[in-house]
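Trainee: Working from the sequences, and respecting the hints, build out all of it.
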Amino acid sequence: MNAKLRDLFVTNIMAIVLGFVASGIMILFLNKNPIDAYYVLLTSILRDQYTFADIFVKATPLMFTALAFAFTYKANLYNIGAQGQFYIGAVIAVAGSLFFENILPSWLTLFVVLILTVLGAGIWGSFIGFVKARYNANEFLVSLMSTYVALAIMNYLLRTVLIEGKGEYPQSDPLNSSVWLPKIISGTRLHIGFVLAVLTCIGIWILLYKTPLGYRIRAVGYNAEAARMSGINSKKIYILAFFISGALAGAAGFTEVNGVQHMLVQGFNADIGTAGIGIAILANGNPIGIIFAAILFGALKVGGTIMGQMSNIPTSIIELMQGFVMVFVILAYFLRTWLDNNREKRKLQKAVLK
Amino acid sequence: MINLLSMAIMMGTPLLFGAIAEVIAERTGVMVTAIEGIFIVGAWAGFVGGYLSGSLAIGFLFAIIAGVIVASLYGWICIYLKQHQVVTGVAINILVLGLSAFLYRVIFGVPTIPLTVNPLAVIPIPLLSSIPVIGEVLFNQNILTYIIYIIAPLSYFMLYKTSLGLTIRSAGENPEAVDVAGINVYKVRFLAVLFAGAMGGIAGAFYSIGFLGLFTTNIIGGRGWIAFAICFLGNWNPKGAIIGTLAFGFAEALAIYMQAKGGNSFFPNELFIAIPYIMTIVLTISRKSFNIPTKLGIPYKKEN
Amino acid sequence: METAFFELNKISKYFAKVIANKDVSFSIQSGEVLALLGENGAGKSTIMKILYGLYKLDEGKIFKEGKEIKIHSPKDAMGLGISMIQQHFSLVSSHTVTENMILGNVHGVIDKKLLREEIKKLTEFYGFNINPDAYIRDLAVGDQQKVEILKALYQKANLLIMDEPTAVLTPQESENLMKFVREFVAKGNSVIFITHKLKEVMSVADRIIVMRNGMVCGDLKKEETNELDLSKLMIGKDLILANRDLTQKMISKEVRLEIQNVTVQEEAEIPTLKDISLKLHKGEVLGVAGVSGNGQEELCEVISGAILPTSGKIFLDGEDITQKGIREKIDMGIGYVPADRSRDGMVMDMSIAENMILKSSFDKKWQKHGFIDKKILNQYTLKEIDEYSIKAPSPSVVIQDLSGGNQQKVILAREVDNGKKVIIFDQPTRGLDLGAVNHVHQVILNERVKGKSILLVSTELSEIFALSDRIAVLYKGEVQGVFHHDELTTEKIGLLMAGYQVGEES
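Chains as they are written, first to last, in our numbering: chain A, 1 to 354; chain B, 1 to 304; chain C, 1 to 506.
Bear in mind the hints are in silico, worked out from the structure with no lab data behind them. Since the model is a prediction, treat every value here as computed from it, not as a measurement. Be aware that a few hints might be false.
[Unchecked claim] Simulated crosslink set (SDA-like; lysine to any residue; CA at most 20 Å straight-line):
1. A:Lys236 to B:Ile285
2. B:Lys295 to C:Ile136
3. B:Lys301 to C:Ile19
4. B:Lys82 to A:Phe334
5. C:Lys199 to C:Thr166
6. B:Lys301 to A:Phe334
7. C:Lys374 to A:Gly203
8. B:Lys302 to C:Ala134
9. C:Lys365 to A:Asn155
10. A:Lys350 to C:Phe15
11. C:Lys374 to A:Gly214
12. B:Lys302 to C:Met348
13. B:Lys82 to A:Thr11
14. A:Lys345 to C:Asp401
15. A:Lys210 to C:Asp363
16. B:Lys302 to A:Leu339
17. B:Lys161 to C:Ile85
18. C:Lys364 to A:Tyr209
19. C:Lys368 to A:Asn155
20. B:Lys161 to C:Glu118
21. A:Lys345 to C:Gly60
22. B:Lys301 to C:Ile136
23. B:Lys302 to C:Ile85
24. B:Lys295 to A:Asn155
25. B:Lys187 to C:Val106
26. B:Lys82 to C:Phe15
27. C:Lys75 to B:Tyr300
28. C:Lys112 to B:Phe157
29. A:Lys350 to C:Lys10
30. B:Lys161 to C:Ala134
31. A:Lys235 to C:Gly325
32. A:Lys32 to B:Ile285
33. C:Lys22 to A:Arg346
34. C:Lys56 to A:Arg346
35. B:Lys261 to A:Asn155
Mentor: Put into structure tokens, the structure is as follows:
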């Protein structure tokens with residue numbers, strides 16, 4: 001067990017390092033020194049409180065979308081529609097905030113909007129689970145396609161009902177500052193949504209590993225047939241898992257709209273769905289691991305952006321680094337199984353010799 | 001209307017390349033979830049090759065090579081290292097997206113005006129193209145359209161009438177039977193994925209140098225996934241893939257057509273854009289009997 | 001001594017968690033039937049898969065007619081004239097007989113007509129009655145095996161390896177297979193026959209290799225040995241059979257479970273169960289015999305609630321439970337040990353403790369404030385580990401890491417607890433070594449004495465005879481008759497299993 005745990009840390013850190021090395025080689029093509037570039041990256045994210053706090057600002061929605069993928073993944077289902085569920089959540093958050101901000105007290109507005117967002121995105125997500133349970137539809141395809149539909153819905157609403165008062169750009173009016181999520185550290189953008197995200201990660205971990213419901217979700221995920229034969233209604237689990245998954249991704253919409261953007265702009269944060277999947281993979285689907293993996297991705301995002309501004313390296317370096325890290329993490333999965341098998345084999349051969 | 005149909009066929013061309021690629025690979029039991037990335041790298045390499053050499057043929061050759069390289073990475077991880085296909089696909093798609101944007105910048109810097117090439121020209125087939133309606137729709141297309149409509153029926157023949165096809169189909173149904181028969185399952189699957197890489201590369205290049213004449217990072221925008229979906233909806237059969245492609249090509253042509261017309265007060269533009277995706281969802285749900293390869297997505301493990 | 005046709009020299013094979021073979025050496029002569037005898041997990045299949053090129057050997061050499069050869073793949077093996085019939089057939093069930101036979105053997109465009117003729121000739125030559133255009137999924141298991149044999153013959157093999165070929169056959173079909181084997185070797189070919197059944201060994205083999213724990217522990221001529229000696233070699237100790245007092249009558253005449261005219265039929269398909277009526281008393285073991293695939297699984301599932309009957313009724317203690325689902329039936333005290341335990345009975349990636357509550361996760365006794373009470377669960381699991389002598393270091397060990405026998409004990413422990421009234425055992429000893437088999441038999445008999453009602457489905461006739469008070473025979477989803485255990489002989493039950501009617505029902 002200890003050897004296994006050691007392998008997990010060593011191989012994953014190796015994967016991250018190799019990801020940086022490979023990206024560094026790419027930087028060489030720009031006739032730039034990658035070591036300088038990484039130095040800039042590291043110093044820039046530590047240069048002031050505002051920037052450093054921004055890492056956690058960026059990590060917040062990523063935790064939610066990563067949880068969204070990881071949660072269904074535990075039930076052996078693929079929700080790759082977190083991006084769409086996030087958009088649905090964002091639309092509801094902005095619409096709800098604009099509607100209630102002048103009617104209800106601000107704390108109640110935030111509470112009501114959070115509930116509405118989570119419910120709405122959850123229902124949007126549970127549709128995928130429903131068609132999986134009812135019609136045995138391929139959830140991978142349906143969730144994938146649902147993102148594009150959600151995007152179209154958001155674009156349509158932003159062009160029509162939700163368009164700003166001026167009617168100039170396809171974006172919403174800004175929210176009244178009374179319905180902004182409170183800041184944790186003044187002088188930064190870090191808001192209470194980060195705490196919410198961390199607590200959610202812990203909550204999901206407890207749900208999955210400590211409750212009978214989580215137990216059943218995992219049982220269905222590992223072996224749906226055995227679960228069915230044991231009286232567990234896997235269809236119910238499918239719908240529920242997708243509801244929770246959608247709700248999680250929707251929560252990211254809430255924290256982004258009420259915590260960071262304070263309005264809704266067409267096509268914003270277009271990559272947090274896929275980045276979420278990457279984080280979930282990096283964390284091996286573990287909700288606690290997701291906290292750390294999301295912070296790493298957040299740091300890459302903040303550092304990559306500044307690196308682009310300061311040393312003229314294109315921001316696509318962020319995706320490049322994420323992509324390399326993910327590919328190496330997958331290779332690390334393989335390496336771990338291989339190491340483990342070899343260890344067992346050696347143990348056997350030794351036992352024979354004795 | 002004729003314009004619309006002609007456009008439907010044209011817009012369906014890359015989708016059919018992708019769908020046939022996916023059908024062949026999935027018949028051996030491997031989902032090519034890196035298809036979106038392969039499309040992107042094809043679009044990128046096609047443009048780079050085409051722009052730098054001035055020859056579209058070289059562009060397409062570049063696209064094939066780039067597609068095969070990405071496919072071989074995917075195939076190596078999923079087939080030989082037996083890692084998860086969905087997860088690996090997602091990782092490779094992100095990597096390829098970053099890589100092509102980054103390398104575009106490396107090669108071309110930040111151009112002040114967008115770089116363009118002249119896209120593939122229409123080649124009217126003598127005599128046939130002058131048939132009213134049909135001629136204009138079917139025989140007034142570019143070379144790739146003609147090629148894929150030769151490849152598609154050939155791939156059907158290959159799958160169902162030749163020993164190679166039997167091997168491919170068996171590999172997705174019961175890889176052990178293939179292994180016991182003295183055929184290397186890994187090789188069959190890997191080569192099928194490489195084939196998918198070549199076809200997907202061409203499909204991607206179709207968008208950059210076959211049609212638009214330029215490259216942007218969002219040029220594919222999920223069309224690789226549409227090809228992936230067509231393979232499912234077409235029941236893992238080239239025949240089904242053709243029908244599916246025509247439907248999607250039409251939907252896409254309609255969206256472009258409506259957008260060009262400046263929209264419609266009753267049906268918003270976004271609806272037309274979303275139609276292919278909604279169509280996929282509806283078809284996925286309504287489709288009753290799937291002929292899904294039994295071992296699709298499951299790595300073949302020989303020794304435990 | 002003449003040079004051997006094939007010779008294996010000190011072959012070793014290590015898997016991740018087990019030594020599959022260690023220094024295995026033996027040879028086979030032309031015109032010989034060699035039996036490879038051993039318990040499950042003794043390494044018989046592994047060594048043959050090495051010879052056939054499916055597995056790579058870690059150490060050792062292989063010789064053909066005195067010359068060293070390398071076998072890297074089945075293709076190499078086929079080139080040397082070796083063919084192997086896998087225990088779980090390697091046929092593509094959605095393809096036709098012809099397509100399966102030509103896989104890997106023809107090139108280019110397939111000439112269906114020509115091939116069909118060729119295959120027809122082959123089937124006629126060997127007297128196999130198989131339609132070349134039939135789909136494998138539509139064939140009975142016995143016929144599927146014939147296809148496997150034909151495949152080997154089509155490849156013109158002269159060494160045929162058969163891995164447990166009689167496991168799915170009726171006694172009469174097995175007879176025919178033996179006849180074929182004798183004829184085949186009479187032509188100068190060789191056969192290696194993998195089995196764990198002593199009777200078969202004595203009837204068909206010229207020479208016997210006995211394996212235990214991955215090693216060869218006996219190489220004997222048939223004339224020089226007998227069943228008793230072989231069994232001692234195979235197990236490594238004297239076998240103590242589970243004790244059953246045959247005179248001990250059923251404890252009660254009270255009916256516990258009654259199945260009335262139950263039919264199970266998917267729309268537009270042949271019924272899998274046809275008008276079944278059975279009674280199960282308190283304290284009784286009702287054996288269900290039959291060739292696998294004749295409705296046994298459906299019978300178990302219709303009782304456990306996994307499928308609902310199309311028509312008919314099921315009663316438990318007089319209460320109509322026909323329409324009850326799995327969860328309700330678990331709560332009513334029906335336990336079920338499924339045949340395919342890794343598919344239906346447990347979650348491989350979960351711990352022993354977690355597998356213990358697979359069927360009772362809804363039960364409040366495992367919960368504290370809505371959370372799973374790990375302490376109670378672990379205590380319970382430890383108790384069961386002790387009671388069933390499950391070899392496991394702790395309750396949190398992933399069940400995947402246990403041996404097949406210990407996995408089965410975990411399920412047994414759980415189901416004996418779940419099955420307060422009725423326990424269904426479907427092939428409870430399949431794939432277990434004899435020690436574990438004994439343990440399972442003892443558990444069944446103990447529960448019977450406690451007054452539980454037991455339905456025992458098995459394709460091992462010896463098991464049925466040893467444990468059952470009464471025996472029902474299933475054929476094509478129908479009950480061929482219910483008999484007291486002493487009314488039946490192997491021959492008679494064989495005929496019933498093949499669908500012949502025999503009188504004198506009880």
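Trainee: Could you run down the list of hints and mark each one as holding or not?
Mentor: Structure-based check of all given hints:
1. Our distance criterion of 20 Å between C-alpha atoms is met by Lys236 (chain A) and Ile285 (chain B), whose separation comes to about 18 Å.
2. This hinted pair checks out: Lys295 (chain B) and Ile136 (chain C) have alpha carbons roughly 17 Å apart, not beyond 20 Å.
3. With a C-alpha separation of about 18 Å, the suggested pair Lys301 (chain B) and Ile19 (chain C) falls inside the 20 Å cut-off, and the hint holds.
4. Between Lys82 (chain B) and Phe334 (chain A), the direct Cα distance comes to roughly 8 Å. Compliance with the 20 Å bound is thereby established for this hinted pair.
5. A threshold of 20 Å between alpha carbons decides the hint, and for Lys199 (chain C) with Thr166 (chain C) the separation of about 12 Å falls inside it, so the pair holds.
6. Between Lys301 (chain B) and Phe334 (chain A) the alpha-carbon distance is near 13 Å, which keeps this suggested pair within the 20 Å criterion.
7. Distance hint between Lys374 (chain C) and Gly203 (chain A) is fulfilled; the C-alpha atoms sit about 18 Å from each other, no more than 20 Å.
8. Between Lys302 (chain B) and Ala134 (chain C) the CA atoms are separated by roughly 29 Å; this puts the pair beyond 20 Å, and the hint is violated.
9. With a C-alpha separation of about 52 Å, the suggested pair Lys365 (chain C) and Asn155 (chain A) falls outside the 20 Å cut-off, and the hint is violated.
10. Restraint check for Lys350 (chain A) and Phe15 (chain C): satisfied, since their Cα atoms lie roughly 14 Å apart, inside the 20 Å limit.
11. Note on Lys374 (chain C) and Gly214 (chain A): the hinted pairing holds, with a Cα-Cα distance of about 14 Å set against a maximum of 20 Å.
12. A threshold of 20 Å between alpha carbons decides the hint, and for Lys302 (chain B) with Met348 (chain C) the separation of about 19 Å falls inside it, so the pair holds.
13. Of the supplied pair hints, the one linking Lys82 (chain B) and Thr11 (chain A) holds, its CA atoms being roughly 18 Å apart against a limit of 20 Å.
14. For the given pair, Lys345 (chain A) sits about 14 Å from Asp401 (chain C) by alpha-carbon distance, which is consistent with the 20 Å threshold.
15. Distance restraint check for Lys210 (chain A) and Asp363 (chain C): the Cα-Cα separation of roughly 15 Å lies within the 20 Å cut-off, and the hinted pair is therefore satisfied.
16. Restraint check for Lys302 (chain B) and Leu339 (chain A): the C-alpha separation of about 18 Å stays at or below 20 Å, so the hint holds.
17. At roughly 27 Å between alpha-carbon atoms, Lys161 (chain B) and Ile85 (chain C) are farther apart than 20 Å, so this suggested pair is violated.
18. Of the pairs offered as hints, the one joining Lys364 (chain C) and Tyr209 (chain A) holds, with about 17 Å between alpha carbons and a cut-off of 20 Å not exceeded.
19. For the given pair, Lys368 (chain C) sits about 48 Å from Asn155 (chain A) by alpha-carbon distance, which is inconsistent with the 20 Å threshold.
20. For the proposed pair Lys161 (chain B) and Glu118 (chain C), the alpha carbon gap of about 18 Å is at most 20 Å, so the pair holds.
21. Distance check on the hinted pair: Lys345 (chain A) and Gly60 (chain C) sit about 17 Å apart at the alpha-carbon level, within 20 Å; holds.
22. Between the alpha carbons of Lys301 (chain B) and Ile136 (chain C) the distance comes to roughly 24 Å, so the proposed pair goes past 20 Å and is violated.
23. For a cut-off of 20 Å, the pair hint linking Lys302 (chain B) to Ile85 (chain C) stands: about 16 Å separates their Cα positions.
24. Distance check on the hinted pair: Lys295 (chain B) and Asn155 (chain A) sit about 39 Å apart at the alpha-carbon level, beyond 20 Å; violated.
25. A C-alpha spacing of about 18 Å is found between Lys187 (chain B) and Val106 (chain C), which places the hinted pair at or below 20 Å, so the restraint holds.
26. At most 20 Å may separate the alpha-carbon atoms for a hinted pair to count; Lys82 (chain B) and Phe15 (chain C) meet this at roughly 17 Å.
27. Only pairs whose Cα atoms come within 20 Å are accepted, and Lys75 (chain C) paired with Tyr300 (chain B) is accepted, the gap being roughly 18 Å.
28. Between Lys112 (chain C) and Phe157 (chain B), the direct Cα distance comes to roughly 14 Å. Compliance with the 20 Å bound is thereby established for this hinted pair.
29. The hinted pair formed by Lys350 (chain A) and Lys10 (chain C) meets the criterion: a straight-line CA distance of about 18 Å does not exceed 20 Å.
30. For the hint linking Lys161 (chain B) to Ala134 (chain C), the alpha-carbon distance of about 18 Å falls within 20 Å, and the restraint holds.
31. Distance restraint check for Lys235 (chain A) and Gly325 (chain C): the Cα-Cα separation of roughly 14 Å lies within the 20 Å cut-off, and the hinted pair is therefore satisfied.
32. A C-alpha spacing of about 51 Å is found between Lys32 (chain A) and Ile285 (chain B), which places the hinted pair above 20 Å, so the restraint is violated.
33. Restraint check for Lys22 (chain C) and Arg346 (chain A): satisfied, since their Cα atoms lie roughly 14 Å apart, inside the 20 Å limit.
34. The hinted pair formed by Lys56 (chain C) and Arg346 (chain A) meets the criterion: a straight-line CA distance of about 17 Å does not exceed 20 Å.
35. About 19 Å separates the Cα atoms of Lys261 (chain B) and Asn155 (chain A), which keeps this hinted pair within 20 Å; it holds.
In terms of the numbered hints stated before, the structure departs from hints 8, 9, 17, 19, 22, 24 and 32, listed from lowest to highest.
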